[in-house]
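Listed below, chain by chain, are the residues.
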Amino acid sequence: MTDAARPSLLLVDDDQAITAGLGAFLERSGFDVRIAGNGAEALAAVAKAVPDITVCDVVMPEVDGREFVRRIRAEGRWMPIILLTNVGESYERSAALDEGADDYLNKPFDPQELLSRVRAVLRRSVPGEQPLSTAERLRSGGLVLDRSARRAWLDDTELTLTPKAIMLLDYFMTHPGELHSRDRLLSALWGFDFASSTRAVDHRVAELRRVLGDDPADPVFIETAQSLGYRFRATVERA
Amino acid sequence: MSRLRATLVALIPLALGLIAAAVLVMTGERRELVIGTPIPLLVALVALTLSAAVALIVIALRRKQIGQQRVEAARAAGEQSGRADERESHRRFLARLDHELKNPVTAIRATLAGIAPAGPDDDALVVIDGQAQRLAALVGDLRELAELETRPLELETIDLEAVVRDAVAAVAQQRPAAADRLAVTVDRVPWPIPALLADPDLLGLAIENVVGNAAKFSADGPIEVRLREDGGHAVVEVADTGRGIPSTAVDLVWDELARADNARDVPGSGIGLSLVRAILRQHGGDVSLRSVEGSGTVVTLRVPTQRGD
Numbered sequence: 001m002t003d004a005a006r007p008s009l010l011l012v013d014d015d016q017a018i019t020a021g022l023g024a025f026l027e028r029s030g031f032d033v034r035i036a037g038n039g040a041e042a043l044a045a046v047a048k049a050v051p052d053i054t055v056c057d058v059v060m061p062e063v064d065g066r067e068f069v070r071r072i073r074a075e076g077r078w079m080p081i082i083l084l085t086n087v088g089e090s091y092e093r094s095a096a097l098d099e100g101a102d103d104y105l106n107k108p109f110d111p112q113e114l115l116s117r118v119r120a121v122l123r124r125s126v127p128g129e130q131p132l133s134t135a136e137r138l139r140s141g142g143l144v145l146d147r148s149a150r151r152a153w154l155d156d157t158e159l160t161l162t163p164k165a166i167m168l169l170d171y172f173m174t175h176p177g178e179l180h181s182r183d184r185l186l187s188a189l190w191g192f193d194f195a196s197s198t199r200a201v202d203h204r205v206a207e208l209r210r211v212l213g214d215d216p217a218d219p220v221f222i223e224t225a226q227s228l229g230y231r232f233r234a235t236v237e238r239a
Numbered sequence: 001m002s003r004l005r006a007t008l009v010a011l012i013p014l015a016l017g018l019i020a021a022a023v024l025v026m027t028g029e030r031r032e033l034v035i036g037t038p039i040p041l042l043v044a045l046v047a048l049t050l051s052a053a054v055a056l057i058v059i060a061l062r063r064k065q066i067g068q069q070r071v072e073a074a075r076a077a078g079e080q081s082g083r084a085d086e087r088e089s090h091r092r093f094l095a096r097l098d099h100e101l102k103n104p105v106t107a108i109r110a111t112l113a114g115i116a117p118a119g120p121d122d123d124a125l126v127v128i129d130g131q132a133q134r135l136a137a138l139v140g141d142l143r144e145l146a147e148l149e150t151r152p153l154e155l156e157t158i159d160l161e162a163v164v165r166d167a168v169a170a171v172a173q174q175r176p177a178a179a180d181r182l183a184v185t186v187d188r189v190p191w192p193i194p195a196l197l198a199d200p201d202l203l204g205l206a207i208e209n210v211v212g213n214a215a216k217f218s219a220d221g222p223i224e225v226r227l228r229e230d231g232g233h234a235v236v237e238v239a240d241t242g243r244g245i246p247s248t249a250v251d252l253v254w255d256e257l258a259r260a261d262n263a264r265d266v267p268g269s270g271i272g273l274s275l276v277r278a279i280l281r282q283h284g285g286d287v288s289l290r291s292v293e294g295s296g297t298v299v300t301l302r303v304p305t306q307r308g309d
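If you read the protein sequences in the order shown, they are chains P and X. Just so you know, we're using the numbering used here here: the first sequence kicks off at 1 and counts up by one. Just so you know, we're using the numbering used here here: the second sequence kicks off at 1 and counts up by one.
FYI, nobody ran anything at the bench for these hints, they're computed from the structure. Any given hint might turn out to be false.
What the hints assert, rightly or not - Reference excerpt, derived from the structure (chain X facing chain P, CB under 7 Å, subset only):
id, residue
1, Asn103
2, Ala107
3, Val139
4, Ala170
5, Asp201
Every residue gets a Cβ at the ideal spot worked out from N, C-alpha and C, and that includes glycine.
All chains, please: the whole structure from these sequences, using the hints.
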């Protein structure tokens, strides 16, 4: 572990063109960067010194990104991991989280977006503690979410929500206090990169608010950051 | 059995009969056989013989027709399976292309970010960054298109009018200059459009795309969005008085990345209509287009009101 001013970051990708460029960018953005060419090298690097955060590609020779996450978590290490996924489908993306990654970005991504993800994950993670994304059930006040059963309750009454709204609630509750742009939510949950269709996000947020009885003018759970996006403002804990 | 052989077999009794008759004539056989038959029975026998002949002809024709139908059905099945194979191979190609383009585009953007972490400040870098972003968007669109063909729909009971009004409002918001030109009309007599089982996000995306195109390719003039029910389909028509599509390009605009020659000055990837078609087909519907260059375009989206599955 290094000093908080210059957190250590392990960057794992088998494509040197990516690690060279991204490594330089992250170094210049204030991180102490180490590079590994695949999952096996990354496991060795972690054994040598545990980084504050790991950014890891999924498709790699020998040990791939998912296997790397599984092995790290099996060792009981809870340092934050962001996966760089190569697949578009939403169940693949949520699988990335189910396997214990803290966040994911789909290639090709905006390096600035990666930087803001890295900073957000570092902000919300408590060293040595399991991230919310590995919890089976989450609680926020009277709201309880069973993540594997995809069911939710408010004050012990089960909520009727569409699968997409449950997925959005899951994303909000595993990323509390973070501002999410509509584009980010659309791309992360719907798999669309068509900026023109962000209304789909507004609709699902409206559905969540209606079911949760959350007043947009005085929200308990989901607040709107005008023209920027949405934020889950309530505190979330494991249930 | 070939037709010639069948004919030969059929002629064998006749040939044998003729040979026997000739032999009898040559041997001097002159006796006569006289059979007394009541006329009503004779009439009945003639009628029976005629019916049998007609029945044989009808059976022969029917067998021939069934044979032709079988050949047609086999040909159609073959063509359909060929088209499905072609679509699947095309989808795999798009997925591979996306996969192979991802890393180079990521590397270009990462390298640029390494050179100028706060964003490019040099003119040349701004161009490279802009073009890399464009490529990244294109890669994302291609992936989305490949994925749409196999992605399961998230079906809900929807009010199509609400989805249409929403898509129109979204376009009005993105293009305030076109807002006053957009009008939605809905046929409710003699019956309204029934609630549909559809994926509202995808259908909304398709409608928004078509309405967005109408706004993009018409500088002025009305844009009419018309909604009606037609023989088991909900129909959305989007009509504009814009620049239209040259007749030579009308059939090509559905292809990925295809853009008509008169559309090159308008930003866009040429993926929109392919996406619209993929979404409509996923819903068991279809989309068609009529256009006259210089006069305008009408795009018709049809979604079945009852799902077949």
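Cross-check of the supplied hints:
{"no.": "1", "hint": "Asn103", "result": "5 Å, holds"}
{"no.": "2", "hint": "Ala107", "result": "4 Å, holds"}
{"no.": "3", "hint": "Val139", "result": "6 Å, holds"}
{"no.": "4", "hint": "Ala170", "result": "5 Å, holds"}
{"no.": "5", "hint": "Asp201", "result": "4 Å, holds"}
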